[in-house]
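Given the coordinates of chain A, assemble chain B with the ligands onto it according to the supplied hints.
2 protein chains.
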Amino acid sequence: MTRQLHLNAFLMTVGHHEAAWRLPESDPFAHLDLQHYVRLARIAERGRLDSLFLADTPALWNSIGRRPSGGLEPTVLLTALATATEHIGLIATASTSYNEPYNLARRFASLDHISGGRAGWNVVTTAGPDAARNFNLDDQPAHRDRYERAAEFIEVSRKLWDSWEDDAALGDKANGVWGDDSKIHPAGHEGRYFRVAGALNVPRPPQGHPLLVQAGSSADGRELAARYADAVFTAQQTLADAQAFYADLKRRALAEGRDPDTIKILPGIVPAIGSTEAEALALEEELDRLIRPEYALRQLATTLRVDPADLHLDRELPDDLPAEDEIEAAKSRYTLIVELARRERLTVRQLIGRLGGGRGHRTFAGTPEQVADAIQHWFDNGAADGFNIMAPVLPAGLELFVEHVVPLLQRRGLFRTEYTTGTLREHYGLPRPAAVLAGA
Amino acid sequence: MTRQLHLNAFLMTVGHHEAAWRLPESDPFAHLDLQHYVRLARIAERGRLDSLFLADTPALWNSIGRRPSGGLEPTVLLTALATATEHIGLIATASTSYNEPYNLARRFASLDHISGGRAGWNVVTTAGPDAARNFNLDDQPAHRDRYERAAEFIEVSRKLWDSWEDDAALGDKANGVWGDDSKIHPAGHEGRYFRVAGALNVPRPPQGHPLLVQAGSSADGRELAARYADAVFTAQQTLADAQAFYADLKRRALAEGRDPDTIKILPGIVPAIGSTEAEALALEEELDRLIRPEYALRQLATTLRVDPADLHLDRELPDDLPAEDEIEAAKSRYTLIVELARRERLTVRQLIGRLGGGRGHRTFAGTPEQVADAIQHWFDNGAADGFNIMAPVLPAGLELFVEHVVPLLQRRGLFRTEYTTGTLREHYGLPRPAAVLAGA
Ligand SMILES: Cc1cc2nc3c(=O)[nH]c(=O)nc-3n(C[C@H](O)[C@H](O)[C@H](O)COP(=O)(O)O)c2cc1C
Ligand SMILES: Cc1cc2nc3c(=O)[nH]c(=O)nc-3n(C[C@H](O)[C@H](O)[C@H](O)COP(=O)(O)O)c2cc1C
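The listed protein sequences correspond, in order, to chains A and B.
For the first sequence, the UniProt record's numbering gives the first residue as 1, with consecutive numbering after it.
For the second sequence, the UniProt record's numbering gives the first residue as 1, with consecutive numbering after it.
Treat the hints as calculated values from the structure; they're not laboratory data.
Hints may contain errors.
For identical chains, the list gives no copy identity; a pair is met inside one copy or between any two copies.
[As the list claims (entries may be wrong)] Listed next, the in silico EDC-like pairs over lysine to aspartate or glutamate satisfying Cα-Cα at most 20 Å (straight line):
no. : residue 1 : residue 2
1   : Lys183    : Glu286
2   : Lys173    : Asp27
3   : Lys173    : Glu294
4   : Lys331    : Glu286
Chain A extracted, bound-state conformation (with noise of 0.2 Å):
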């Protein structure tokens, strides 16, 4: 069989689009109704994609006044997904950071149980000062100590989902013993983080393990990428950077002694799909046309760490930006924005629509065979394993893509035409990880 291309639907709100929910056919309250995720569960797994995923940070930041605002926590939003669906793998965000080992693996455990084994985790070490203060802080922690607290809260929950071994329940009523106490395996960790002592208080997942995706473009990112991760998504906007990307990723997780197959490779495409390619830029003009831009200034000013005042619409950004290294909060993201300006001489203006369309994610305009054909080249010269599908307006765009882009891409012999695997990690053409056990 050729090799098979992964696709993930990246639902937001009513769109990836910032002003997508200013088109006449959005609701702006949707992203607050199980029904519309339900709807846009559904769509997704009609086009047999592999999975879906949620975003999530533990702050309100920005206005309020930009966009819709505010949303369902991603752990419980996909627990209600899991019963409208049957096959779609389900994948929340979840910060290192911000939570504790044990509730997070017990909760992933149990979207796990609930879906028949079709939970992911996100794992994400959450940038920037506002998550921060609402615990406990008053900034966030450095770059490099969010990804070491990262290592170690995934080794925790290892083992705490390594805690019962797959056969411990026994369910003996005759002789009144339900379960084998001998394959009870305490986590007994001590860490520079955390101190987890018990066994998790839920069987061992479906999965083993729910998958686990990475998202920090950094090199810390990729080295934990490397270590740990089954999927990672990531912002690229030219082949070669992709490319650099992925040959990068799969040599680290060579290096970690793991073979690269076993982690798939997703950049974000946001595609706006016309019947012809005029209709496609015409939406994407439309949409660009409804931004105000002088939220987004903010945002970006805060990002690039200068004053919004040297800011100018009509200009390029400043010259004297900080590199890379001065910055503790998302760093490949930085640097994206950065180059992507640079190297187009955008304006902020500019800059400013090309965000607001995708936050850094490639955005692509053209008909379905065009974005066929899009994905299809960067799939095929090493730059990907599968793509994060990020529909500019929601539901529509995904419905597009459903109804026009997959058949292309199954006529091609890339993907699927039904579900033929139960698990996450099956759709995703990876193995059931075995339980490494605790002091073992």
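Positioned in the frame of chain A, the structure of chain B with the ligands alone reads:
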């Protein structure tokens, strides 16, 4: 209208009796199967019950040999049940000692949005060292400290739920203004246990605040309930004890400046229902015969802080037990157990039987008529505003209750025959709380 009774279905694996899983009809793995809970929720909703409830402790304690162990995390499980039901309230236990307010307030707000105003939180402080050791501690914090933290946790949660005014979201497409920033009120909380600066990242829940339940009966627990709780779960063995508890709590609520009617008191009852009293007693005996006392003996020794070797199955409890004020775990449950054993002069084996049936809650075997009378007797005599129904065997015991006891209570005019209210607060006859704005 006559004063109305409130009924809550306390769900627990395949029943509250610790040996229920050994009955021929029980599936010993049902507690990991969403469909089991969906079935229970629908039975409870058919009975027009106010709510259903899940207990929780973030630790695996005790032998897994004894009974079905490990469980699905309550906030995610109840979210799944929200999608399978329309009316019934959904109450999840969560610990204030081992969570962060920002995360927990967010999840309960999300559950409230997803369920259309049916979320409730059983606020517990979590007794025992096992949980503490899963959260970076060597032992549980002192009882007093746990309750102080619980009070501050609730204060922060209320600030977070109230951080969005009810009409902060505008959805003004024409002007491109999604929400009104002047209606966002960051928590700005700086306390002994928590510093939480920001606003919640989800709009105010449909109920304003989820229903707050409190379940600790020590003096500290009662004080917390008097200040904050909408409902109180309690274990009471005798009418006189229940009356004293009821009067005390209503008095404390009054002293806190509250209308005592706005705090609903629900003792637990474990009803073994038979078509004759003999049949009910036979069910109870069959279940007690299936208990393996060696497991329970070890737990009893831990609770009483004695050496297991000092407990003899066929003798009464030793004389020299600690006083309640030396107990740092669950104070009121300790006292209840000791008093029950002394009052009825129970041997350890008999005590284990009584606790195996309801862990200290009142057990009652009888016909539907007798169960309805037992409920009404306490309800009419200043001991209860309703009951926590703890079926010894599930689903059978809940089904019997709904089909045979509920109709009697309805015929007596004590219980609703249809849902006429929408939210969980409304089911309990409680108003939607006004927002207390931070800094106001
Ligand atoms: C598709 C995608 C989704 C992401 N979702 C989140 C998210 O939900 N929450 C979050 O804190 N970071 C998320 N990130 C990661 C941040 O964008 C940022 O890269 C990260 O916080 C730190 O990255 P760094 O390693 O480059 O510093 C996501 C990244 C990608 C590519
Ligand atoms: C019906 C009921 C349910 C309870 N559920 C829990 C629970 O799920 N988790 C928990 O830690 N405590 C729970 N408790 C409280 C404990 O039993 C115990 O009373 C509490 O931890 C401390 O109580 P104290 O105030 O008496 O020390 C529950 C109590 C009752 C009456």
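Here's how the hints hold up against the structure:
no., hint, in the structure
1, Lys183 / Glu286, "neither (60 Å within a copy, 30 Å between copies)"
2, Lys173 / Asp27, "between (53 Å within a copy, 10 Å between copies)"
3, Lys173 / Glu294, "between (67 Å within a copy, 16 Å between copies)"
4, Lys331 / Glu286, "neither (31 Å within a copy, 65 Å between copies)"
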